[in-house]
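Trainee: Each chain, written out:
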Amino acid sequence: MSFDGYKNVIKEGDTVILYLTITQVYCIKAEPKTVNKKGNFIENVFQTPYGALKCADLIGKHYGSKITLSKGWGYVLQPTPELWTITLPHRTQIIYTPDISMIILQLELCPGSIVIESGTGSGSLSHALIRAVKPHGHLYTFDFHEIRAETARDEFEDHGLTSYVTVNNKDVCESGFGDDLNNKADAVFLDLPHPWLVIPHTIKSIKDTGGRLCSFSPCIEQVQKSCLMLLKLGFQEIQTVEVLQTQYAVQQRSLPLLNLEFLKNEKDGSECEKKERETFKTITSIPPASLPGHTGYLTFATLPPIWARNLQISLNQNDINNVE
Amino acid sequence: MENKKPDTTINVGDYLVVQRQGYTKLHKLKNHGNLILGSFTVEMDNIIGEKYFDTFQMKNMPGSRRFYILEKVDEVNTATGSLNIEQSGADNRNIPNNAESQGLTKEDIDKLKGEELSSNNIVEQLINNSKTFSMKTEYSQEKYIKKKEKKYFEYIQIRRPSIRLLSQMFYRQDPTKTMGIRIDDLSQILTYANIHPEGNHLLYDSGTSGLMPAAIMNAIGSNTTGSLIHMHPGNECQKNAFVAMQFPQEQSDRCVNVNLYSVLRCFYQSKETFSFKNDSLEKPSDIATKTSETEGSESENRVMETSAVSEDTAEPSAKKPRIEENSQKRQWQLDNEKACRILKNKVDCLIITAKEHPVNIVKELLQFLSGGRSFVVFSLLKEPLQDLYFYLKSRVDIIYIRLSTNFMRNYQVLPDRTHPEVNMNTGGYILTGFKLAY
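Going down the list, the sequences are from chains A and B.
The letter at position 90 of the first sequence is residue 90 when you use our numbering, and the numbering goes up by one with no holes.
The letter at position 47 of the second sequence is residue 1047 when you use our numbering, and the numbering goes up by one with no holes.
These are calculated hints, taken from the structure and not from any lab test.
Ideal placement from N, C-alpha and C gives every residue a C-beta, glycine not left out.
It is possible that some hints are incorrect.
Part of the chain A face toward chain B, derived, beta carbon under 8 Å [said to hold, decoys possible]:
#1 6
#2 62
#3 65
#4 111
#5 135
#6 136
#7 223
#8 239
#9 245
Given only the sequences and the hints, what does the whole structure look like? Please build it.
Mentor: Following this line, the structure appears as structure tokens:
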């Protein structure tokens, strides 16, 4: 129940982020008991490289406080959508914060917006979408995988977000998002293998006053098909972009300085004297040796309001004619 | 109640984004106002009462070569759609590289423009007078038409400003307008800051044309309880983007604009003037909503009265005269006191977008951040953030310090011609971290 708003003290049942080092960040549950593989209740103990942590001990501690472990220490943080994204249990490929940030800004979301997401996947983006639209907005999220939808629903409940989200188990390719959502959405996000099949359904769901659409696709062929469909249906401002983030390691480096001046003079014995080696110190930022070079292409578009749609369709028709 | 875009009609007084092909410009709509759009001066009166997203054609004003009026259109004749191209070449082997391929002179084109601004007609004339057009390949012809059409395009569309449109517009016009904050930088500053609609947020911004406070207030939302303290270094804060967003009164009231120096002086040297309120009685966020509930000048008077009364109780001897001409000066003092009350109870996120070296600013402002919360610092330069990194490392209450930058590029997506756009740019650097609770 620790995702809604800012919290100060860990309560029983909270999801807690355990920070050990910059590469060792985990999510754990502040619960005395957990279920093991055999289905029995056992004491909830989280094993870290610095010793075991009894999760029950976290209850009552302040978020942002230091936790002593048998061979070291760690810190507990309140989960944010960004921390959740890096610690969540993967059920699918997930979307990471650089893309998520771009999606939220480009979809023009703000508290009160109604947003549709398909598919739900592991819920990485969903948590950030909910933060952007609550308290009076709503997320309708769809996944055709029954267990996945079920798990996501449980997770949102566990995180105290149920009132901001509706999880549907449905294949939106065939019949769209349902009549309940007709003329309701401010924005639609698609992360599907065949987005161009779903784009026509979004027209019904997006408000008559218009809205924004985003499609996330790893392959350029998907992007091409989607863009053509968006043109045909009268979307405007169709734009494809990719964002890649580089995280630096900030370090102080020392470089030895070579003295070559003495070579200009004849040997006089002084060069054999032990001199302190000169070094040059500098602060630098080093990118990782290997980093993601591609996540997915983000295609954004605006569906104009109904009174401007026909004009946009005729405008786009010219581009389509040129293409064909 | 759920959507913050209530009115679709274009009204006098509205801030609007005028879109002409890829070009956008912010404009405040006045009666009998003109808009200068490149080499065109356009009279805007005819859009009043029409709807957002409507498209208008620029028509030559009779008897004038420079002035244009707008006419609402329901269909658009573009050169790309209506021109019939009969012949194209297979490649460019026979096309000479010289300036003699166009038969029309600049004067000829200006004359055409002056008679009737019609991209369709002008592009057709350009093609007819081009010696090489028919030798160009189909793709090259299309590119040529698009390029020329852009130059003489006579249609504009009226849009309501959004953070996306404003961010892209400022950056295209001049990246220094937003301190080099590109749209991806902005998006990540907002997510890493973890802005919730119910929190109190602190921003130090030394000049992004109001984009940072506008984007944060947009994320805090209307009819919520969150607030923003916007610290700035000057007498007046930059607020282009903020006013362009036209937030409802209750929402913009929850953004308190204060001068960095004077609010800190108030915090350290005038504790008694702002700390009169019992914390258990009223939280700062409640104050923010309460004042905004009552409208306009009435609420201002009420706030002034309460603070004046409490000042009296705190310092009976230092009774200041309350006269009309003082009210201008009083407002910033009230804002300082309001900000200090929030700062005293600490804030939920700290964002710094500074032209100055960030270390001293972060050193000073981190004290106001609650434990367990995150902060974000943006700089166009990497080196100051490296210094900041080492400063923060030397403190024992900061964890998860990350320094990152982005690679962003746009794509041209066309069948058989998809590739990254030819031009790209570089963004800035973002440092994020969490403060521990001690």
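Trainee: Decide, hint by hint, whether the structure agrees.
Mentor: Hints, verified against the model:
1. 6: For residue 6 (chain A), the interface hint holds, since the closest Cβ of chain B sits about 5 Å away, which is under 8 Å.
2. 62: holds (5 Å)
3. 65: holds (5 Å)
4. 111: Interface hint status for residue 111 (chain A): holds (3 Å vs cutoff 8 Å).
5. 135: Holds: closest Cβ of chain B sits about 6 Å from residue 135 (chain A), inside 8 Å.
6. 136: holds (6 Å)
7. 223: holds (6 Å)
8. 239: holds (7 Å)
9. 245: holds (5 Å)
Hint compliance for this structure: every hint is met.
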